[in-house]
Amino acid sequence: MMPEFTFWLPVVVVGTSLLAALIIFALPEAQQRTRSVLNIGAAVVKLAIVAYMVQLIMAGDIAETRFEIVPGIDFLLRADALSMLFAGLSSVLWLFTTLYAIGYLEGSPHRSRFFGFFSLCVASTMGIALAGNLFTFLIFFEMLTLSTYPLVVHRGTEASLKAGRTYLRYTLSGGAVLLTAVALFYGLFGAEAAEFTEAGGFQTLGEGSEVSLWLTILFFMFIAGLGVKAALVPLHGWLPVAMVAPAPVSALLHAVAVVKAGAFGIVRVVYNVYGIEFAWQLGVLLPLAILAAITILWGSLQALRQIELKKRLAYSTVSQVSYIVLGVCLFGPIGTIGGLVHLLHQGIMKVTLFFCAGNYAETLGIHRIDELDGTGKRMPLTSIAFTIGAFGMIGVPPTAGFISKWYLASGAFAAGMNWAVLVLIISSMLNAAYFLPILYRLWFKPQKQPWPDEQIAAARFETHGLLLWPVVATAVFSIAAGLFAAHAFSPLTWATLISVREYLP
Amino acid sequence: MMPLLLIIPLAWAILCILLPQRWLSLTIRAGLLLQVGAALLLTADVYVNGPIEYALGDWQAPLGIALIADGVSVTLISLSAVVALFVAFYAQSYLQRYEHEQTYFWPLFWFLLASLNGIWLAGDLFNLYVGLELLGLAAVGMVTLTGEKPALHAALRYLYAALLGSLAYLAGVAILYGAYGTLAIPQLGELLDANITTFVAIGLISIGLLLKTAIFPFHYWLPPAHGGALAPVSALLSALVVKASFYILARVWLDMASEINSHVVLYSAAQGLGVLGAGAILWGSWQAYKAAQVKMLVAYSTVAQLGYLMLLFPLAIGTTAVAAGLAWQGAMLHLLAHGFAKAAMFMSVGTLVLAIGHGKVNDLAGVSHRIPISLFAFGLSAVSIMGLPPSGGFNAKWLLLQSAMASQQWWWFILLVVGGLLTAAYVFRVFRISFVEKATHEFSSTSSTLDFTALALAAIAIAMGFFSQWPLSLLQSSGFQGGGL
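Each protein sequence line maps, in turn, to chains P and E. For the first sequence, this note's numbering begins at 1 and goes up steadily by one. For the second sequence, this note's numbering begins at 506 and goes up steadily by one.
Please keep in mind that the hints were generated in silico from the structure rather than gathered at the bench. Heads up, some of the hints might be wrong.
As the list claims (entries may be wrong) - Where chain E lies over chain P, by a calculated footprint (3+ residues, C-beta under 8 Å):
hint, stretch
1, 63 to 70
2, 104 to 115
3, 148 to 156
4, 171 to 180
Claimed, not checked - With the C-beta cut set under 7 Å, the calculated list includes, among others, these residues of chain P facing chain E:
hint, residue
5, Ile139
6, Glu142
7, Leu161
8, Leu168
9, Ala183
10, Gly187
This one's a predicted model, so the numbers in the text were calculated from it and none came from an experiment. All C-beta atoms, glycine included, are put in the ideal place defined by N, C-alpha and C.
Start from the sequences and build out the full structure, keeping to the hints where you can.
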């Protein structure tokens, strides 16, 4: 009985969102309650199954779905430790983003369409998390592109349509490069090598120079294809433009779905396809680390120049996601921990910041940073959450961001890449430079003018409950992930577990 | 089971002429179900027992007419049965506004289906010719249905192209008969010599079939005919009719001429066919991108998609067995996925046009709010047409890519990747407009049958992304697997 049961688990996880999406599409616009129940129900069920699969992994059992899809190539979903890291993040944040989105979109048109594609988006993200080989990964990676487009253009304005076009140009081209790379990889090395294994499929160099030349070329094609979504400079152009989307979409894009899918793909390629040791021997990690460093600094510098709050956050994402990539490139278990744990930490903190930006915009009509003067008094809880998120991004203890940066810096030292430490320090200073003025405006500047467009009056709470509580929750997580980093169920513990397995085949 | 697949549609064609209007709806549905049932039974039979031959009236070949059902033919029979089923349900609802057209649509529909089945089952060149002629006439008849001037004009062009194509084909067949004294494909396969007569014959046959398949640069007749016809007609024409002549072309090159097709003349010609395919992909996509009318966009998309099928020849001829096998599977899967997806696309676009009253792409603003299901069906079918995963179109593209790699023909690899991006460029024109909030039009209400039949076909195209192993294993079980094997 048991193996049959676990065979279906990964499919069920992806399927819950897929099924929810299909039912939601069919629901009439007015059935708000049914839709909300369905949304939240699916999110909770998913979370429960993911928790169960984590238990299975702890017990040493791995749920796996596999069947042949075209001759010689399997469709493979597998719940290994790394996939649970990403799946756990998306299922937790999906729940909160769903709650937030229900509050955010209350009374606006096209909600069936919105939540339908929203669920599809999450289904694709779960597929990406659970994909067990490159082919399956590619399927869900492209599905994510398609299901996000309607969310980006959701408002249907000229600006959002333009953003949608930019988004597609970047992601579809990236997808084409990735398809080429994956197809070449299968053709050259076979389906066996394309399966994700814990120490990677390649063990030692020495199969001749032509093979390593191909592997190097393919590696950079993979990075180019995945790097579009991960917003590596110079492929990041779509991300700031996509800011016109509604706040829950931005939160999803930046914290869970698109950007993370790219970063997660890079993690998969480095660790589970090439293998970290092999990639190190091949000499491809240093160029990637340099690219990540450039992205980190460039993103921060651009963020400084923005006057719109969401745009500043967007460039901050460009910079922060490359911390993950940098961590991946630091050869050594500590750097790996730093990279992997930041995958989670950045998600929790960024989602908090975007929720806050959405709250300011929805409640008071604030979009620009100079309009934020004195908002701390009017919206204290939101502003506290924003402050926690911002401190996390800078890396102030005891937030989650501190843990990430600590491990990244130690990892860089351990790997003998002292320049990377310098990059981290400069970047933290830049982070402070673009976040601290916002905090100063929130808390210490008096309100100068009436709020641009106050839509939700202050009642018992500063804003609508469904907008407020998800923010508070994720802010609490951002602190807890730092405070209780040594606890058995913290992101850090899980990342350490994975890292140990990567280096001990 | 095999003769039933010809008898049922022919009988129903006559029934549709004779029976009074009020019995029609039910009769048609019964016929459709019988047809699908027969197709599935035959498919199961071939799947279990392998290829089956049937001599009509017990006259053995070469004198009599032999029907052959192998893995390929039953796959195509199932494709046409399923597509026809949904198109017919769609048409029953769609044609309620076209009282006059309805009376002629149904007999032509059944004739079309009969001639398609005849082609899928035919075992010799002459029967293929007969099937092709009938098919062409039924298709032209369907284009003329509305009786409007542009439609008649398009139909006339279609008719000339079809007749010219038949003429060239028949001339080639006559030469072969004169030289070898038989028209049965298996026998010709053993007899064929690599000499000038054979080359001329194959050349004539190929030109005729290219004309009928509307392969660039012979595609000129297709966009007005497919774009101008009624939506269910366009769906049948694009999904099935053009595939019939392609199927014959594939049979001629990879089955009949499989012994000699690595000869330098045929090998180069196969590369030439690939070049035509490349032209079709580039030119068709560009025209689709420029098209002002949404139905013309979809019609040009067919021109482009047919180009992918042409890649079968350079990938399967004169290459290794592995490359040829992959190319054959990829091309057939593409044919199937495109059949389902393009039918769904024409049907959903037909609903959109019906709702806004005309077909300008730029006037589709607001449809995502008013006709979401049809737009969603369009979206799903577009995923397959673009060759993005998960869809049958993607798996087909994947197989073709692998084949291009296995045969070291990098240029086709690049073409496949670029072609996908070009397709995305024109498809997203429609999506983009549809998300605009401000509706510029009055919307008339449409029946939900129209929505859901299109959605079902699109869903099949998507589901093939996960279950393409089924049709592929059926194809492999056939005797005919393409050249090189």
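Let me make sure I understand: some of the numbered hints might not hold for this structure. Which ones are they, in numerical order?
none
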